[in-house]
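Keeping their order, the protein sequence lines are chains A and B.
Going by the numbering used here, 136 is the number at position 136 of the first sequence; the sequence numbering is gapless.
Going by the numbering used here, 480 is the number at position 11 of the second sequence; the sequence numbering is gapless.
No lab work stands behind these hints: they were computed from the structure.
Among the hints, erroneous ones may be present.
As the list claims (entries may be wrong) - With a straight-line cut-off of 30 angstroms between C-alpha atoms, the simulated DSS-like cross-links for lysine-lysine are:
(1) A:LYS157 with A:LYS411
(2) A:LYS461 with B:LYS866
(3) A:LYS239 with A:LYS203
(4) A:LYS411 with B:LYS529
(5) A:LYS239 with A:LYS328
(6) B:LYS648 with A:LYS57
(7) A:LYS411 with A:LYS121
(8) B:LYS648 with A:LYS328
(9) B:LYS866 with A:LYS57
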Amino acid sequence: MKKIVIFGAGAVGSSVAETLSYEENDITLVDRDEAALSQKLEYLDIKTIRGTACDPKTLDEADIVDADLVLAVTDNDDTNILVCQLAHMLGSRPTVIARLRNPEFHRRKDELFGCETDSKKIPIDSIFSPEQLVTRQIMRLISQPGALQIVEFAGGKIQLVAIRADEGGKLVGHRIEELRDHLPMIDSRVAAIYREDRPIIPKRDTVIQPRDEVFFVAAPEHITNIMTELRSVEASYGKRVMLVGAGNIGTRLAREMEQAQWKVKLIEYSRERATEVSHQLVEGITVVHGNATDRDLMIRENIESADVFCSVTNLDEVNILSAMMAKKLGAKRTMALINNSAYAELLENTDIDSVISPSLLTISALLQDIRKGDMVAVHSLRRGAAEAIETVVHGSESDSKVVGRTVGQLKLPEGTMVGAILRKDEVLIAHSNIVIEDEDHVILFIVDKGDKQRQIEQVQKLFEPGPLW
Amino acid sequence: MHYEAVLKVVGILFAMFSISLIPPLAISYYYGDGSFAAFLVSFTVILAAGVIIWFPVRNKPTQLGPREGFLTVAAYWISLAVAGTLPFLLSEDLHIGFTDAFFESMSGLTTTGATVLTGLDDLPKSVLYYRQQLQWLGGMGIIVLAVAVIPMLGIGGMQLYRAEMPGAMRNTKLTPRIKETAKALWYIYLGLTVICALAYWLAGMTPFDAITHSFSTIAIGGFSTHDASFAFFENDAILYVAIVFMILSGINFALHFRVLSRSAVFRVLSGIRARFRDRKSRRDPFHASTFAGQSSFRQYLRDAELRTYLWVLLITALTVAVVLVLTFDRYESTSVTIKHGLFQAVSIATTSGFTTTDFSSWPLFLPALLLAASIIGGCTGSTAGGVKVFRIILLFKQGRREILQLIHPDAVFPIRMNQAPVHDRVINAVWGFFVLYVVSFVILALVLMATGLDMVTAYSTVTACLNNLGPALGEAAQNYAELSSPSKWVLAFTMLLGRLELLTLLILLTPRYWQD
């Protein structure tokens with residue numbers, strides 16, 4: 001249980017408040033807008049305060065003295081910084097996290113921010129930006145042709161990748177255990193397989209079939225090698241991308257892709273914005289003014305030759321429809337940004353290859369800083385049908401239910417498996433004979449067996465340190 | 470409407486209420502007063518009833534929306550009043566019918582303090598204790614207690630809390646989580662009760678009387694274990710202790726909490742607790758900011774509602790004392806007259822209803838004045854009844870604004886409370902409440918006259934019951950035993966209406982509520 005004060009009841013603030021309020025935390029949500037707050041109060045067990053975030057009086061009212069954690073997620077960078085400064089001065093040394101949009105802050109992070117005493121830095125423990133997280137996620141995805149989803153653990157040392165198998169893969173049509181013979185030097189583990197949208201718990205003799213969705217865990221440098229086992233190598237994987245929406249995310253993506261030698265076409269609905277953006281961006285990027293759900297426009301702009309189609313407007317509906325249309329019209333790979341998680345679940349069986357959810361990405365990132373019981377990260381996979389968890393083990397053989405036991409001996413709930421272990425800086429792929437030690441980071445994979453929340457709780461219980469710890 | 474969820478929660482709450490019969494059971498055993506069997510049977514029956522209600526729906530989810538919240542609270546209060554009659558009916562020394570038992574039980578739970586019993590001094594100790602305890606449980610609200618101790622209620626707890634807590638507190642939480650808020654309220658309540666009991670004991674009460682009277686004092690109830698109420702003790706110190714604690718209990722508990730939680734001791738403790746909870750926490754319990762901006766007792770006086778509340782008490786007490794000294798000469802000395810005047814003024818104006826003397830025999834102006842003061846009642850968020858000082862202030866300021874607006878037709882006059890402007894929605898809600906209060910008052914008084922009461926009795930009993938006060942005038946001046954059965958049922962309903970502040974009960978009488 002922690003006392004958490006969140007400034008800003010926007011998309012990020014309220015979804016974080018919601019997630020954390022289910023974990024017995026004392027949450028106070030502050031916002032200027034009464035309507036945004038009263039709506040939250042109806043169904044969440046939190047306290048809400050209406051007020052200006054930067055007013056010391058508001059901070060007093062939010063009992064900042066008592067806070068363990070302060071989260072500044074208003075839509076304004078200046079406000080967020082000032083709130084953190086105030087919280088640092090008025091509180092009794094809480095952990096302070098801010099959302100900052102300006103990329104300059106992220107580039108010069110170490111120089112500008114820090115909570116050490118007697119330093120001149122701005123007292124913020126960590127900063128994040130959803131735009132940056134989304135951009136990074138999309139860049140990661142397009143750098144691995146064929147990957148449907150990529151999730152990072154242990155600060156990027158372990159990756160979990162989802163991929164759709166096809167006939168071209170060397171392992172397809174063979175048993176999983178043969179992977180070792182194909183790639184003797186590479187350690188990896190198949191965590192789960194979705195066949196016709198039903199999960200299969202992989203055994204050694206499971207045969208991988210074309211169109212299976214395969215989840216595997218490996219170190220990032222091995223990912224490409226393993227992918228060739230599961231898919232035909234696309235000899236001339238082109239680098240044409242069509243982006244929709246020239247907002248914060250869209251322009252940022254366009255820049256980064258251009259730098260990565262992609263041929264970028266950016267479609268923007270508002271003429272004004274399109275003009276503005278075209279002035280800011282380099283020449284290699286073509287900015288097109290128009291509606292991405294306009295079929296004729298898409299055909300005119302050669303959608304059938306696009307290798308990647310990525311829709312990142314702030315309207316979920318536009319993103320979904322334009323991505324579906326792009327696929328119909330011949331785009332090879334489609335991605336859509338979707339904020340509303342209810343929509344994400346609806347898209348299970350559609351033409352959209354990857355769904356990117358800014359709120360889920362943000363929450364996963366934030367929880368790494370916040371989570372109690374050393375649950376470092378929780379990522380939703382397959383739009384919620386499965387969950388990947390990174391948790392830190394504590395305790396000794398006598399008081400922990402996991403330390404000193406091999407992976408095979410763990411009493412895991414149904415549908416759960418250990419994917420990998422990070423010990424110090426070494427990545428161990430979790431074979432059943434590995435003994436778990438204190439301070440290990442364990443990556444678990446949970447397939448929904450009807451009651452996901454309970455399965456997660458059971459896992460959490462199992463890894464909880466003993467009472468004496 | 471999720472009836473299963475309502476049933477499930479009511480069942481659990483019922484089983485929880487049965488636990489409250491264990492202390493009287495123990496007292497009965499200790500004193501050997503012959504009511505042991507009565508309490509044992511009541512305990513078993515109520516526990517069994519709870520389990521029977523809960524069992525068929527035990528696997529249903531407990532998701533309570535606002536609508537279910539109102540129904541649960543109303544259903545629980547009514548069924549609790551019914552269940553509360555069992556010890557009265559079963560005890561061999563009482564000989565009262567169901568109507569009287571229900572009236573007594575409801576009067577206890579709603580902290581009204583109107584009684585139909587006489588010869589209290591000869592009743593079994595356990596029954597006396599049980600009456601006082603009913604008031605204590607009802608004072609802070611038995612559902613608020615449940616929210617504090619039952620973990621499964623979750624956000625549904627908020628719905629219940631809102632339906633039971635007095636008006637202006639409805640959307641204020643002392644702490645972010647409703648469970649912690651309910652706990653904080655009960656800790657303050659319990660703390661006040663313990664201090665009050667100690668004070669009574671030091672002032673000269675027996676331990677039994679000290680505990681039982683502290684229950685009804687802090688709950689602003691009004692039940693006593695003696696027919697003569699506080700006159701029985703013939704001890705001035707006890708009267709002054711009672712006056713102090715009645716005033717304290719009439720203060721908003723959120724204000725008590727605010728002053729306590731912002732004190733340095735509390736903050737340091739909370740910081741240390743945080744370090745224990747989370748080893749990685751960097752929080753510094755002795756950080757300089759812990760000691761900055763602390764609260765002091767002066768913060769109490771900064772609260773506009775509290776100041777008005779104290780002024781109302783002071784003016785009422787002074788008026789009563791002065792008028793009494795000038796016009797009433799039946800007491801042996803002026804100081805005795807003033808003492809009775811003070812005690813009665815505080816007791817009636819806070820809606821407690823303890824008596825030291827038969828105030829209904831005073832010149833009619835005084836009892837009428839006291840009953841009028843009881844309509845104002847205590848502060849919002851306290852255990853007192855009445856319309857609440859907070860609402861009265863807003864009504865007054867609203868009226869004043871209308872007059873000012875006539876003088877400056879184009880000016881904008883915000884209504885402020887503690888310097889902060891009050892939202893028009895709140896003012897409308899207060900107006901709405903007041904209209905419902907007046908209409909209920911008039912209708913109930915008319916119904917009572919239809920059941921055969923004279924006008925003074927009808928108006929005074931409605932005042933006494935709707936404000937959870939207790940003593941009334943006319944036929945009910947001594948106690949309510951002589952009233953007819955229909956009158957008693959109407960008054961029992963009136964008490965619940967007053968305790969749940971009209972809306973929770975009235976909403977159930979609205980056809981719209983039952984339609985989807």
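(request) Mind listing which of the numbered hints don't hold for this structure, in increasing order? (result) 2, 3, 7 and 8
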